[in-house]
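Residues per chain are reported as follows:
2 protein chains.
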Amino acid sequence: MKRSDRLVSLSHYFLENPKQHTSLPFFSERYQAAKSSISEDLVIVDRVLREEGIGYLQTSAGAAGGVKYIPYLSEKNSTAFIHELCKTLEDPERILPGGYLYMSDILGNPKMVKLIGRVLASAFSDLDIDVVVTVATKGIPLAYSVASVLNVPVVIVRRDPKVTEGSSVSINYVSGSSRKIQTMVLPKRSLQENANVCIIDDFMKAGGTINGMTSLLNEFDANVKAIGVLAEADDEEDERVVEEYTSLVKITNVDIKRKNIEVIPGKLHG
Amino acid sequence: MKRSDRLVSLSHYFLENPKQHTSLPFFSERYQAAKSSISEDLVIVDRVLREEGIGYLQTSAGAAGGVKYIPYLSEKNSTAFIHELCKTLEDPERILPGGYLYMSDILGNPKMVKLIGRVLASAFSDLDIDVVVTVATKGIPLAYSVASVLNVPVVIVRRDPKVTEGSSVSINYVSGSSRKIQTMVLPKRSLQENANVCIIDDFMKAGGTINGMTSLLNEFDANVKAIGVLAEADDEEDERVVEEYTSLVKITNVDIKRKNIEVIPGKLHG
Chain A
39 MKRSDRLVSL SHYFLENPKQ HTSLPFFSER YQAAKSSISE DLVIVDRVLR
89 EEGIGYLQTS AGAAGGVKYI PYLSEKNSTA FIHELCKTLE DPERILPGGY
139 LYMSDILGNP KMVKLIGRVL ASAFSDLDID VVVTVATKGI PLAYSVASVL
189 NVPVVIVRRD PKVTEGSSVS INYVSGSSRK IQTMVLPKRS LQENANVCII
239 DDFMKAGGTI NGMTSLLNEF DANVKAIGVL AEADDEEDER VVEEYTSLVK
289 ITNVDIKRKN IEVIPGKLHG
Chain B
39 MKRSDRLVSL SHYFLENPKQ HTSLPFFSER YQAAKSSISE DLVIVDRVLR
89 EEGIGYLQTS AGAAGGVKYI PYLSEKNSTA FIHELCKTLE DPERILPGGY
139 LYMSDILGNP KMVKLIGRVL ASAFSDLDID VVVTVATKGI PLAYSVASVL
189 NVPVVIVRRD PKVTEGSSVS INYVSGSSRK IQTMVLPKRS LQENANVCII
239 DDFMKAGGTI NGMTSLLNEF DANVKAIGVL AEADDEEDER VVEEYTSLVK
289 ITNVDIKRKN IEVIPGKLHG
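Protein sequences, first through last, are from chains A and B.
Take the first sequence: its letter number 36 is residue 74 in the numbering used here, and every next letter is one higher.
Take the second sequence: its letter number 109 is residue 147 in the numbering used here, and every next letter is one higher.
There's no promise every hint is true.
In this list, chains with the same sequence are indistinguishable; a pair is considered to hold if it fits within one copy or across any two.
Pairs of lysine-lysine residues, derived as DSS-like cross-links and limited to a Cα-Cα distance of at most 25 angstroms, are as follows [stated by the list, open to error]:
#1 106 / 297
#2 297 / 149
#3 200 / 106
#4 218 / 200
#5 200 / 288
Because the hints were derived from the structure by calculation, they are not lab data.
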């Protein structure tokens with residue numbers, strides 16, 4: 039295969055297999071090309087990925103040597119995206135009764151979801167995450183987006199047990215904002231013990247839901263390495279039960295009467 | 039920018055923007071290259087995509103001319119994947135009480151979900167779909183995977199209304215297998231009238247859930263153009279209330295006593 043064709047094929051391979059270690063001989067055989075040619079190809083791919091601010095190739099030498107694509111959104115790219123997101127969310131038409139914000143259109147847009155996931159995954163890139171955990175329903179697409187960049191599975195905590203998942207562990211917890219007792223369930227075979235976990239959700243008010251997930255994950259001896267949310271509300275900051283987390287945006291000053299909201303960058307670039 | 043660099047950048051651009059029309063002048067300006075050079079690049083990218091069986095570039099001439107990446111898994115690739123999937127699902131350890139099959143590990147694997155989505159999206163590639171609709175919870179990752187290939191949004195039908203979504207339309211329906219009355223809800227502003235819809239779900243028994251979704255979508259004057267599921271069970275085929283659909287695999291002969299299952303290719307390549 040010619041270099042030009044190899045470059046297209048290699049680009050596709052890396053984008054489809056983030057964080058996966060591949061040996062140079064694999065490519066030599068696949069493309070029937072000398073290792074030295076493949077090495078030159080990799081230099082080109084790495085350079086373009088870095089220039090576009092979307093990641094880089096990590097090469098390791100020696101017998102077990104090879105290459106791995108690390109997706110990484112540059113700070114410039116992610117800051118630009120977060121500012122764009124703030125502007126989109128400040129639309130007063132989004133204010134719902136009760137001071138909630140309509141975000142389903144954003145969470146329903148696969149391209150936006152992909153970008154949000156990439157920003158969060160970039161922040162957690164060095165944490166050696168084994169699995170991404172979320173709670174049904176709204177956090178699910180974001181969790182998959184993060185997991186797909188980190189190349190790890192997703193586990194979904196449910197509020198109701200399902201017959202199709204076998205025996206499960208459940209906990210009761212008190213919701214932060216509504217002060218109601220709620221239940222969370224995780225099938226026994228969905229998570230191995232001592233896993234390094236990243237919790238992802240769409241929205242955090244007082245943090246009761248995330249706190250509940252943490253308690254449930256304790257039952258599996260999991261290590262919660264990171265917590266990432268798309269948006270946090272600042273009106274219950276004083277009562278917040280979760281301290282270590284990352285948010286893309288922060289919703290402040292929701293004024294239902296005057297139909298006004300302010301959305302600012304969250305903890306990540308705040 | 040040199041051709042080699044352009045090829046990496048172009049490959050990335052197309053894979054990130056499936057089914058999106060882009061004009062040639064956009065690339066000329068982006069890469070500071072002549073239109074003729076860009077055209078030659080596109081020939082190379084198109085050739086490699088076709089050779090690898092993952093799609094092709096669709097070019098249109100004239101004033102509004104440009105190029106669009108159509109992801110399309112070749113029949114060879116998708117048949118191989120479906121056979122692999124059947125083997126994975128035939129593991130007797132998957133049998134759960136009640137004759138259900140444990141599939142959460144597959145649905146929790148972003149790479150598998152991406153491939154399943156690609157197979158389904160390839161089948162619906164020509165249908166001019168505007169939106170992918172699914173019902174919470176298990177179908178959600180598959181729906182996003184299909185939608186991301188088709189470059190359209192996802193709308194999630196819920197079983198319980200949420201305060202964060204504004205006013206909604208709801209229907210009651212009778213579940214096919216349990217014969218219970220159930221509810222489905224869709225926020226009013228989540229779907230425009232007369233949309234071309236593709237319904238995606240993980241599993242179909244008698245089809246009551248999908249039938250319920252169809253009724254709810256009627257309230258929005260939507261046109262259900264396609265129905266795609268990962269797996270169908272054949273034990274209730276006689277009572278099936280949905281006729282036109284596509285499935286990747288079909289689960290037959292679940293023998294709980296002897297711990298035996300048979301999984302065969304579904305309607306798509308059956």
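| query | Which of the listed hints are broken here? | reply | 1, 2 and 3
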